[in-house]
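Enquirer: If you want the building blocks of each chain, they are given just below.
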Amino acid sequence: MNPHIKKVYVPMTETAFFILLCLRKPNHGYGIVQMVEKMTEGAIKLTPGTMYGSLSKMEKDQVIRFLREEEKRKIYQITELGLEVLQLERKRIERLYKIAQEEM
Amino acid sequence: MERKKQFKWFSIFEHEKEQDYLQRMHRSGWKLTAIRGFGMYHFEKCAPEDVAYRLDYNKDGLAHKEEYLKMFEDCGWEHIQEYVGYSYFRKPVTEEGAEEEIFCDAESRISMMQRVLKARLLPLLIVFIVFLPQFLIHCFSARNYLAAFFTGAVLLTYLAFFAICFVKYQQYKSRQEERE
Numbered sequence: 001m002n003p004h005i006k007k008v009y010v011p012m013t014e015t016a017f018f019i020l021l022c023l024r025k026p027n028h029g030y031g032i033v034q035m036v037e038k039m040t041e042g043a044i045k046l047t048p049g050t051m052y053g054s055l056s057k058m059e060k061d062q063v064i065r066f067l068r069e070e071e072k073r074k075i076y077q078i079t080e081l082g083l084e085v086l087q088l089e090r091k092r093i094e095r096l097y098k099i100a101q102e103e104m
Numbered sequence: 001m002e003r004k005k006q007f008k009w010f011s012i013f014e015h016e017k018e019q020d021y022l023q024r025m026h027r028s029g030w031k032l033t034a035i036r037g038f039g040m041y042h043f044e045k046c047a048p049e050d051v052a053y054r055l056d057y058n059k060d061g062l063a064h065k066e067e068y069l070k071m072f073e074d075c076g077w078e079h080i081q082e083y084v085g086y087s088y089f090r091k092p093v094t095e096e097g098a099e100e101e102i103f104c105d106a107e108s109r110i111s112m113m114q115r116v117l118k119a120r121l122l123p124l125l126i127v128f129i130v131f132l133p134q135f136l137i138h139c140f141s142a143r144n145y146l147a148a149f150f151t152g153a154v155l156l157t158y159l160a161f162f163a164i165c166f167v168k169y170q171q172y173k174s175r176q177e178e179r180e
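Those sequence lines, one after another, are chains A and B. Numbering of the first sequence is given in this note's numbering, commencing with residue 1 and proceeding in unit increments. Numbering of the second sequence is given in this note's numbering, commencing with residue 1 and proceeding in unit increments.
None of these hints come from the bench; they were simulated from the model. All of these numbers come straight from a predicted model, not from anything done at the bench. Among the hints, erroneous ones may be present.
A partial selection of chain B residues facing chain A, derived with a Cβ cut-off under 8 Å [claimed, not checked]:
hint: 1; residue: N58
hint: 2; residue: D60
hint: 3; residue: E66
hint: 4; residue: K70
hint: 5; residue: M71
hint: 6; residue: E101
hint: 7; residue: F103
hint: 8; residue: S108
hint: 9; residue: Q176
hint: 10; residue: E178
Just a few of them, taken from the derived set where beta-carbon distance is under 8 Å, the chain A residues facing chain B [unchecked claim]:
hint: 11; residue: G29
hint: 12; residue: Y30
hint: 13; residue: L46
hint: 14; residue: G53
Glycine included, C-beta positions come from ideal geometry on N, C-alpha and C.
Taking the hints into account, I'd like the entire structure generated from these sequences.
Expert: Right, here's the structure in full:
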């Protein structure tokens, strides 16, 4: 993996994490906002400015790709590289969680 | 409909102040209708209401305007207008008093500022680095010391301006990181 991608995405922001997680199936930005609100029972509300900026940046970095447009909403999906990055981040979070459980 | 206008000027680093100003106006019954010319804010009388105003600066978004505005609209933001590259949005503050935001982390607030600085300062920086020194050398070789003096003064002004921007940017950055 390109060291730049690893540096930017491990660790990644909460928004980037949820984008990758939700885009394992094709979806648009607002769809992700709604999914995350449901998944976290309203605790995490993603915002449009952050969302739009993250989606364009992540498309440029090729961790997600643009599929098509539906009713003025861009539909994206995760790429192979994106899945790799998500796995790395998941392992990092699991390691932190394990350490916290042992230590606290 | 009663209307009024106010002249206000906010620097690149004061968009939060500008947001607060517009929210205050709306709270006191003056709703923003347009910004025109050189910082002329137009308002019309309305019922006083707590409405959050937010600014984004996203050229990429404006290049794909329909999808960009749709995302904000989906999230409940009303688009007011574009003004010198900024997009103005507003959304009523909910009853629970939760402050509405268009950015939810420090990283995205900092990248917005980087987009503004890139668009505003890069052209100035090119003039500063490429043209002014060449012009200065030319003045000296032509023994035109008066022109050289003025060019030097412009160079120093530039330098001071960039230094101020750099400090302001660092302050903005640490302010955003502290907000987390």
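Enquirer: A separate judgement is required for each hint: does it hold in the structure or not?
Expert: We went through each hint and held it up to the structure:
no. : hint : result
1   : N58  : 7 Å, holds
2   : D60  : 5 Å, holds
3   : E66  : 5 Å, holds
4   : K70  : 4 Å, holds
5   : M71  : 5 Å, holds
6   : E101 : 5 Å, holds
7   : F103 : 5 Å, holds
8   : S108 : 4 Å, holds
9   : Q176 : 12 Å, violated
10  : E178 : 17 Å, violated
11  : G29  : 5 Å, holds
12  : Y30  : 4 Å, holds
13  : L46  : 6 Å, holds
14  : G53  : 5 Å, holds
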